[in-house]
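Chains as they are written, first to last, in UniProt numbering: chain A, 1 to 298; chain U, 1 to 579; chain H, 1 to 306.
In short, the hints are calculated from the structure, not lab data.
Any given hint could be a false lead.
Unchecked claim - Calculated pairs, DSS-like style, for lysine-lysine (alpha carbon to alpha carbon, straight line, at most 27 Å):
hint: 1; chain 1: H; residue 1: 124; chain 2: U; residue 2: 21
hint: 2; chain 1: U; residue 1: 21; chain 2: U; residue 2: 236
hint: 3; chain 1: U; residue 1: 236; chain 2: U; residue 2: 30
hint: 4; chain 1: U; residue 1: 236; chain 2: U; residue 2: 258
hint: 5; chain 1: U; residue 1: 411; chain 2: U; residue 2: 459
hint: 6; chain 1: U; residue 1: 155; chain 2: U; residue 2: 127
hint: 7; chain 1: U; residue 1: 459; chain 2: U; residue 2: 374
hint: 8; chain 1: U; residue 1: 127; chain 2: A; residue 2: 187
hint: 9; chain 1: U; residue 1: 30; chain 2: U; residue 2: 127
hint: 10; chain 1: H; residue 1: 124; chain 2: U; residue 2: 155
hint: 11; chain 1: A; residue 1: 187; chain 2: U; residue 2: 459
hint: 12; chain 1: U; residue 1: 411; chain 2: U; residue 2: 374
hint: 13; chain 1: U; residue 1: 374; chain 2: A; residue 2: 185
hint: 14; chain 1: U; residue 1: 258; chain 2: U; residue 2: 30
Claimed, not checked - Just a sample of chain A residues kept apart from chain U, beta carbon distances all over 10 Å, derived:
hint: 15; residue: 37
hint: 16; residue: 112
hint: 17; residue: 154
hint: 18; residue: 175
Beta carbons: idealized from backbone N, C-alpha and C, even for Gly.
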Amino acid sequence: MIHSSSTAELADDLATASAPRKRSFWRALLAGPSGLIGLVIVAVLIFAALTAPVIAPYDPLRMAAGPRLDAPSTNYLMGTDDFGRDVLSRIIYGARLTLQIGVIAVGISLSCGLLLGLVAGYSSGWTERVLMRLVDVLFSFTEIVIALACLAIFGVGLTNAMIAIGIASIPFYARVTHSVVLVEKGKPYFEAAVAAGAGHLRLIFLHLLPNVVPTLIVIGTLGVSTAILAAAGLSFLGLGAQPPQPEWGFMLSSSRDLISRAPWMMIFPGLAIATTVLGFNLLGDGIREALDPRQTDR
Amino acid sequence: MTPDTDAPLLSVRDLTISFGKGRHRNVAVKDLSYDLRAGETLAIVGESGSGKSVSSMALLGLLPRGAATIEAGRARFDGRDLLHLSDEQLRGIRGDRVTMIFQEPMTSLTPVLRIGQQLTEALIEHKGMSRSQAAARGREMLTLVGLDDAPRRMKQFPHELSGGMRQRVMIAMAMASDPAILLADEPTTALDVTVQAQILDLMRDLKARFGTSIILITHDMGVVAEMADRVVVMRKGRKIEEGTVREIFETPQQDYTKALLAAVPRLGAHAAAAEPRQVVDSPSRPGARLLHTHGMSKTFRERGLFAAKAGGTAAMQDVGFDLAAGETLALVGESGSGKSTTGRAVLRLLELDQGVIEIGGTDMRRLSGGAVRKARREMQMIFQDPFASLNPRLSAGRLVAEPMVIHGLAKGRELQDRTEQLFTRVGLEADHMRRFPHEFSGGQRQRLSIARALSVNPKLIVADEPTSALDVSVQAQVLELMLELQQSLGLAYLFISHDMAVVEEVAHRVAVMRRGRIVEIGPRHAVLNDPRHPYTRALLAAVPVPDPTRTRGTLPTLDTSTLPTGPLTEIAPQHMVAS
Amino acid sequence: MGKFILQRLFAALVTIWIATIAVTILIHLVPGDPVRIMYGSFQTTPEELEAIRVRLGLDQPIWTQYLMYLERLVQGDLGRSIVGDQPVLDVLLTRFPATLALTVSSLAIAIVVGMSLGFLAAYKRGTWVDVGAMVLAIVGVSMPHFWLGLLLLFLFALQLQWLPVAGGDWRSLLLPALTLGLANAAVLARLTRSAMIDIFDQDFIRTARAKGLPRSIVLYRHALRSGLVPVVSMLGLQFAYLMGGAIVIENVFAWNGVGRLAIEAVLSRDYPLIQGFILFFATVVALASVVIDIAYAFLDPRIRYS
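Put together the whole structure using the sequences plus the hints.
Shown next, in the form of structure tokens:
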């Protein structure tokens, strides 16, 4: 049935009745299934990336390491591709590229977006209006079209794709930062700091930023998912990774014509992408819940 | 309906409600019993967290499911136990025999549906009326609650009505089915005092007309005195005391009730005194002029796509006043009167369109950004919401020390020592410095705000509704602290408030604001005891009196079209009224 | 209301205008000589390249180029593609119906599946239905569209052989529309759920319950109608995402829409076509969001009667 709430009074009653229980961030993160599962998946991914040369059974690039298009077996757990390369080894090495994509793309978009959003939100007036109007327009172009435009400029390739995705997501991060800054700026504690005589730097770095960062950690984590998906998509379209890079999206695209003969070439890289993205999504949700328990299941 | 005073209409026994489960179980209401007799108004009073709302919501099965559990109890009504009915049976009673009105008229109506539909749907559901019958009844009720042009109102959407009008609609909705019991949960708390008076009058009138019994949930002893026949006092989920309204106000038995009543500010209690109560041995008295303002105007313009639009609402028009060192000037008014805007303008937290603000002879509006920040050492602010006005990510010690750091007044060991002194000065313990704001209660947080404001030894503090988010007992302590600080340190307060009784307790002088203008200003006793402007009179007449033996009297009708809003003219020494 | 529509139209025009500036600048950001990059593979002489440069106006100052571009634009001239040497606008318009069919049918699937799932989850908050729906949704959000497409293709076209692998009729539309629709349904389900949970927590729902109305009336009349307002306001963005997603999905299913064209253009560095595509895409998305904003305004009386 519907959960009705709550005048301020009822909320008060509730708050008083449920005594304050402050949990540490990590305990809160690991308490929910989202955070725990997400953390495990991301940890496995990082482990695979770091130890790829040790744990990968074969060289990911060596052709004819085994028979071509061999179905999964004890020798080749995920089968081999049309060049006889071990799919499992390629997926393990692919984790390195995937992490690189996530870090670089989110690094670009987060830093530029944060700067833009913060400047726009803090300055207000004309600067804000012009900046945010532009950001809104770019945002409505959608990330994939901006990424395509960037690739049209830089030319194709995995590194260019990472940068393109990073640039394409700047409007999103700028919007989020801007809206969080506006919310925080509207809160009385900010006005209290102004009234106390705080200067610009103090207002930005001591009062605004610490209250903006938690949100950015959450969307940054979720953003890694988006970036990985986008990069895989571009590679799938032939605009990102080039042969013989063991990039998951690219592996998928080379499986396309062989789906009926060698479905494992399609299933396992896809599974790797989906699991990784799921991991970062869950981790992001988990962090959000841990940071703000009231937001749980929103 | 013939009132039968012997058999109670509703009889609640041993009601116990808890939140959470297992280790996290917290009892919100414990063993609550009371009777409601036909035709009476029973007030359930208590401060926040007393369980007064929860216990009433439970009667109608409106508690959040899963979160709250009714552990025990019975509630006998109409020969049935409300607490042990099926959802379907309870639904038949809800909205028909027992109806409710809520605190927040702004959010309690569905925004996408017309008033008419919301008003009639319960009648169609419970009474089996046809659409046109229900609509006729709806129009009748709208007229009865004092809304003009009922047919047009029926077609309107909630956003087209003001808060007071929406609460009238809520009442029309609740009374349309001629219920046996009306549950009113803080029905006037969100309203301005003049609107509150009208709504209370309306509820009394309808009660007499329909013979309805009312359960009135409130924290406001003034409302209790005015409305209730009997009173149940609750604290921390338990009933502390019960009695007729006279018994509770005149011979309270429990210490808590006594303390609660003592803490309630009563308008007129200080009418005879020339100055605020003396709380230190040799208080400093108002001295030389500190703040001078005149001609302050500010219009908030709505932003268009690229440029500011013409028009907009005038938040302040030609506002001016003086404030002496060690003096309190109270700015009173209802929502939208511009009193908060005025307070912010004085601190230059917003830019005026025109006007003069001089502090100690310096024109604040001429100062550059850096100089304004320096000047802010002289004047600090205390905000209404003690929960939101402290940065949640800074420790209490850092928050209090921040203004000293900003203005370079102290550092290292000295900063530490002075912060400690401030903590003890405002009645907090020095070892609370490492805690974070959320670990303090509302009253303690307001003490933190005061400590922060004091840290730079300001001459002026702008206090924007500093106690209106607090329970009365806490409010009394905070007011006491503010008086004590003023009298020992010679602080000037610009005290912004909507509560006339609080103003009477702390102010030397009072300025009444309405729609962005000061309509009356003068010494406290002059303005409050001898109000000259019709609006001031209406405002004072609307204040509920926390004394059941005194009636508020009928409300003067205010003809807003002929209200004087011109320049102020002096009618008595220092007492000026709009002409 | 009229003012609101005018405002939205104006905002759409600004978007399109900024797109025209963006595509003019784009060609100047290309490192090296764009003419050489575009035509270098055609065995052209330096003189021919120079002639192309003059024909495209690339020898002019950038603002002259922009004015020339605008002038041609109002005449419906988006230039000629390099590959195939056809008018860009004609190419785009020929391919657009296929993309429109794909996006509109996916949007329908996304709305039906996503909104009902989200509504159900919010209504059954905390139960296994909610948990199940949300697990499904987060898995859906995490799946690459093109992988979902390949899986569906593998299952329905190759294993079960119910549907054709490619082609142009409605049966071949089914798989790409399903792919794109389901992927976006997951996003929409999450949005709807949180919007509905917000609504269920509102004071006015408690009022409706306190009136003793039947559960179905509380749900559909009070909650759903209010909940639709924020959800519909997000549909404009959803449509833009669908248009973006279509670029990838068209390539998976060899669906001959503008998305496939765009990828070919980027791969072959056909700048007039890329420019045309970006402008076209921006225009379609901007106009679609105007339409959705108007629908939104009709749902929300606070806008309708202002």
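Checklist entry - Looking back at the hints listed earlier, which ones does the structure fail to meet? => result Violated hints: 8, 9, 10; rest satisfied.
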